[in-house]
Every structure is written in structure tokens, then in C-alpha cells.
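With the hints as constraints, model all of the structure from the sequences given.
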Amino acid sequence: MNRRDDGDQSRFALEEPLFESNKPMVEEVPVLELTEAQLSAKKKKKVLKLAGLVFGVAILLLIAISALAPKKNEIPNVGTEPEKAPLVEKTQLQLRIDDLRTDLRQADPNKQPLLFPPLNYKLGITTNE
Amino acid sequence: MNLRKRNLFLVVFGCIAVALAVTGKSVTAQGTSAAGGLSAETIFLKRFSSEESKKLIRLYQDQYEVYRQTERDFTTLQAQYLQLGTLASLESAVVSSRAIMLVRTDVLITYHELLAATLVESIGVELELKQDTLGQLQQSIEDLKNIRVEIAASNDRFAIGAVNSTFEEELVPQLYSVAYKTLSQLVVSDLQNVFDKTKQVYAELKTELTAKEVTKLQLEERARAYTEVDAAIAAVEVQLAAITAEVKTEEKFDERFYQQLVDKLQKVYGGLSQIMTYIEELERTSHE
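Top line first, the protein sequences correspond to chains R and A.
Okay, so the first sequence: first residue is 1 according to our numbering, each after it adds one.
Okay, so the second sequence: first residue is 1001 according to our numbering, each after it adds one.
A portion of the hints provided could be inaccurate.
Said to hold, decoys possible - Listed below are several chain A residues computed to face chain R (Cβ distance under 7 Å; list not exhaustive):
id: 1; residue: Ala1093
id: 2; residue: Ser1097
id: 3; residue: Arg1104
id: 4; residue: Val1107
id: 5; residue: Arg1157
id: 6; residue: Gly1161
id: 7; residue: Val1163
id: 8; residue: Glu1168
id: 9; residue: Ala1179
id: 10; residue: Val1187
id: 11; residue: Leu1191
id: 12; residue: Lys1197
id: 13; residue: Val1201
id: 14; residue: Leu1272
id: 15; residue: Met1276
Just so you know, these hints were derived from the structure itself, not from any lab.
Nothing here was measured: the structure is a model prediction, and the numbers come from that model.
Where a beta carbon is used, it is the ideal one built from N, C-alpha and C, also for glycine.
Structure representation (C-alpha cells):
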């Protein structure tokens, strides 16, 4: 029966047993001892995981280093002769084909720079009248 | 154990971030350099090669800036007049409306002078057609100069309103027509010019290739390649001829006609680009 049922609420706090737990007791799970073979398999799995991670990190580092390292044909050597060599090697015909490409880009009908000026063609003073 | 796992995770994550940042940076740099070549601004300015047209384009850009500022002032003063309705606010609105009309006329005069200079410099427009259009452009410039004098001489809002009506209702449609006629001729002549040059380069390439000794198999391959290039050239030639005839006979030039023309010319542009790719490919074979 609930102690509050008699109407005396002051008794509840005093008489409540301290640290009483109403929770059901959890049954202890017996710890199973692993066999030698199981232990070694677990260890092997752990080592494999670690090796995989190290391998992944190494690959990522390699990617980063290769991207950072300047490529041989990209080194800008301003004013040095070997840089200009490929341009000099172009034949007259190749240069003309390059010019044609430039001319074609300039002749793009969608890029006509002289379209009619976008001005206000409806000016005039609006009055309140 | 958990701490060690977390540390490992952080190291891996850090490496991925670094790798992504570095590769992203290099891709962006490549994109910029690849897109390099000619920027839109360079293409725009390269069009105006002579000293005269360079001077005119600078003047046009400056005047357009002044117009934008004057338009802002006009809009503000017009709104103030509508709100206050006083004589002082009306005076400011009238003065600003005259100012914007004068600047607008200046922009249009320079624009037409620029069109005329560009048409004179263009190669590929028939001489008779060019002279006819140049005459019309000169007439537009004269009309604009005359109306500018009238605007400057208008002192009250009624006089300004009258001259503005003449300008917008009579002169502007005429200006539109002449400007779009000129633009149509320019846009066709630009591609015609590139087409003529392409044919010349192709002929020279053929001569150069003929001089080289090749095997029978290579000779057959080359013959098939020539057939493809010749067909592409013939197709572009037919398209260009039809478009040129259309521009010659058209009587009502406006923005709509011009847009339709640009759409048709896109096919020619694509065809020319294809021919150039073929020529580049053929040229490369001469070094093999």
C-alpha cells in the first residue's frame, strides 16, 4: 500500500529508506575466455586494419606531394631561350592556322560588340495632370 | 584504443583535405590557363584595330558612363517633381530631361560613327552595298546632329516634349533600321572573311602535302580526308551564299531579323570550326 494513502505527506520523506533501489538486478554475463586461436585471429585483424590505414595515408600523401611538385614542362623560365623554342618551331602554315582560329573566335556572331545602345527611348516628363 | 582510433582518423582526414585542396588548386590553375588565349575583353577591343575606331570606342564608353549617371539624376528629379509638384521641382526635372536627351543623342552619334568606321574597315562586304549603307549611316548622323541642336534650343517642357516626340517616334525607328542593317552586313562579312582565308590555307596545305612522298595507303587516306573537307567547305559556302542573299534583299531590318540571322550564322560558325579542326588534323599528318 502506498504510504501517501493515509494522507500524512510529512512521513514520506522521513521514512523513505535511503539508497533503496527498485531497479531489477541485472544478471551478470559470464565472461567467456577466448581461446589462443581466437586471440591470435583478433590480433591479426587489428594489425591488418592498422596496415590498411597506414597504406591509405601513404597514398594520399603521395597524391598531395605529386600535385605540389612542379612539373618539368611547367617551370616558367622567363627570358630563357628553351622556353621560346616550341613557338619558333611552328611552321608558317601552323601559324596561319592559329591566326584563323583567332579570327574565327572574333567573328563569333553571338559576340558582336556593336549592338544598338541600350538607352531609354521613352523619356519625357511625366506630370500629375 | 579509442583515442588512437580518433587520432588515426584525424590524420587520414587531414591528408584527404590537403590532397583535395592541392589538386583543386592545380585544376583551377589549369582551367585559367586553358581558358586563357583571348578573353572577352580582348576580343571586344581587337575588333577595333584602327586608331580612328579605337578613339571612337573609348569616347563611346565614356559617353555611355555619363549617360548612366545622367539617367540616375533624371529619375530622381522626376520622382521629386511628382511628389512635390512645385515649380522649383518642375524646373529641375525639365533641366535634367534636356540634359539626358542631349547625352543620349551624343551616345547615338558616336555609336553611328563607330558603326561607319567599322564598316569601312570591314573586308567581305560588297562595295556597292557598303557604300549604300555608309550613306544611310551618314544621314543618321546628320539627323542626330540636327535634333541635338533642336534639343539644346528647347527652353520649356512643352518644347522639350515636342522635340522628344519627334526623336523617339520618327528618328529612333530609322536609326534602328540602319544600325541593324549595318550589323547584319558586318556579322556576315566577318564569317565570309574567315571562310575565304580558310579556303586559302586549305589550298596551301594541299600543295604542301602533295609535295611529300607517302605510301599508297596514306594517299588513299588523304583522298578520303580531302573528300570530307571539300564537302564541309561546300556546305558552308552554300549556307553563306543564302544568308548573304537574304541580307541583300531584306528591306525591314530590326532586332528580330538580326537575331534570326545570328541563329542561322551559328551553323556557319560551327561548320567553319569543323573545317579548321580537319585542317589542323591534316597539317599534323604532314609531320608524321
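Quick rundown of the hints versus the structure:
1. Ala1093: holds (5 Å)
2. Ser1097: Status holds, d = 5 Å.
3. Arg1104: With Cβ-Cβ at 5 Å, under 7 Å, it holds.
4. Val1107: Status holds, d = 6 Å.
5. Arg1157: OK, holds: Arg1157 (chain A) within 7 Å of chain R, min 5 Å.
6. Gly1161: Given a least distance of 6 Å, the restraint on Gly1161 (chain A) holds.
7. Val1163: violated (10 Å)
8. Glu1168: Holds, because the Cβ-Cβ distance from Glu1168 (chain A) to chain R comes to roughly 6 Å (cut-off 7 Å).
9. Ala1179: Since chain R brings a Cβ to about 5 Å from Ala1179 (chain A), closer than 7 Å, the hint holds.
10. Val1187: Status holds, d = 5 Å.
11. Leu1191: Since chain R brings a Cβ to about 5 Å from Leu1191 (chain A), closer than 7 Å, the hint holds.
12. Lys1197: Since chain R brings a Cβ to about 6 Å from Lys1197 (chain A), closer than 7 Å, the hint holds.
13. Val1201: Hint holds; Val1201 (chain A) Cβ to chain R Cβ min 5 Å, cut 7 Å.
14. Leu1272: holds (6 Å)
15. Met1276: holds (6 Å)
Taken one by one, the earlier hints fail for this structure only at number 7.
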